[in-house]
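**Q** Generate coordinates for the entire structure from the input sequences, incorporating the hints supplied.
Protein chains: 2
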Amino acid sequence: MPENTAPESAEPAAASAPEPDRLTAELIRSAALFTRTAGRIAGGGYSSIAWRVLADLDRDGAARAAELAALQRVAQPSMTSLVHRLEGEGWIARNPDPADGRAALAGITLAGIRALAEFRAAAAARFAATLAEFSDADRAALGRAAELLTRLARDSEDPRPPR
Amino acid sequence: MPENTAPESAEPAAASAPEPDRLTAELIRSAALFTRTAGRIAGGGYSSIAWRVLADLDRDGAARAAELAALQRVAQPSMTSLVHRLEGEGWIARNPDPADGRAALAGITLAGIRALAEFRAAAAARFAATLAEFSDADRAALGRAAELLTRLARDSEDPRPPR
DNA sequence: ACGAACTGCATAGACAAGCTATGTAAATCG
DNA sequence: CGATTTACATAGCTTGTCTATGCAGTTCGT
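Taken in order, these protein sequences are the chains called B and G. Residue numbers for the first sequence follow the working numbering, beginning at 8 and rising by one. Residue numbers for the second sequence follow the working numbering, beginning at 8 and rising by one.
What the hints contain is simulated information worked out from the structure, not anything from laboratory work. Check the hints yourself; a few may be wrong.
One side of the interface only, derived from the structure: several residues of chain G facing chain B at Cβ under 7 Å [unchecked claim]:
# : residue
1 : 33
2 : 130
3 : 148
4 : 153
5 : 157
Owing to the predicted nature of the structure, the values given are computational and were not obtained by experimental measurement. Just so you know, even glycine gets a beta-carbon here, dropped at the ideal spot from N, CA and C.
**A** What follows is the structure in structure tokens.
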């Protein structure tokens, strides 16, 4: 049953953008539920933030702890402890920053790349069946939404004061 | 700078659906980051699951604890403790199910409705500025994505065995 | 060039929220 | 009417987060 009518439909009802407040509420609700579901994938007990950090390091190269903390919207000590755990797993390696003796650069290791790939495969397997039922337009909407959600998260001001 | 080209563009590059595995990875990444960001909204110390439960009760009426647990993909004891906390806040009320002496029906209270509205207003305020910069098409994509993410979460099988 | 102020990470301690395993009381079934 | 099943509660543990604070390395002003 094709439930994707052409966007040129005379009726802008459900397919058009809802009012912003309701849209925000629905986004929070659906994103949180989806995140919870995804978090229950195998993953060896690690929560999603570990995979996000590994993905960032894989995509953008080595980074410093404070930088990762800001990117992931967690406090610096939280990231410190996560970085240590990941180092303990052998998934990242920390080297002193040659340009700054205080800092350490965390980079993903081969084992980390492998672990990330396994997690992604498990996640893909988990959702593949449902995803395959969606139309191309729906999958495109999801892809676009992924970009937009990232921008919403990154662009919105963190209400907490610097101190 | 309009970054939404017509879908009929000759180049299906970024606007079309990415391959499913990569799409899944990006969805998890962006949804988790967005959820984290949203979770840091005022909210009086409650994490997003509390608001999801209140939203469900507000939308669908009273429900039993096990039902809420299944909907939110948490274990039954986790929901029991959440329900107790919410009851302590005065946001939900529990009444014995007249049809089943073991069960209790949790329903949202007026105070709960008010608290939910406040949270939603805070969330909307947090993201309103960025959301306003998006095109209508992008907002529509987000609205559609919210539905699809919910379906992805609800339809995918929980890999954990019943016991 | 040297002490003050700043910066980046680490540590300590508290707490929230999840899970598994198990218990208790009500309902249902043979 | 006893055995099983069902629905919620309790116990104990683990993880992940936070704030507050400490320490070593860097930067800057005079």
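**Q** Which numbered hints turn out to be false for this structure?
**A** none
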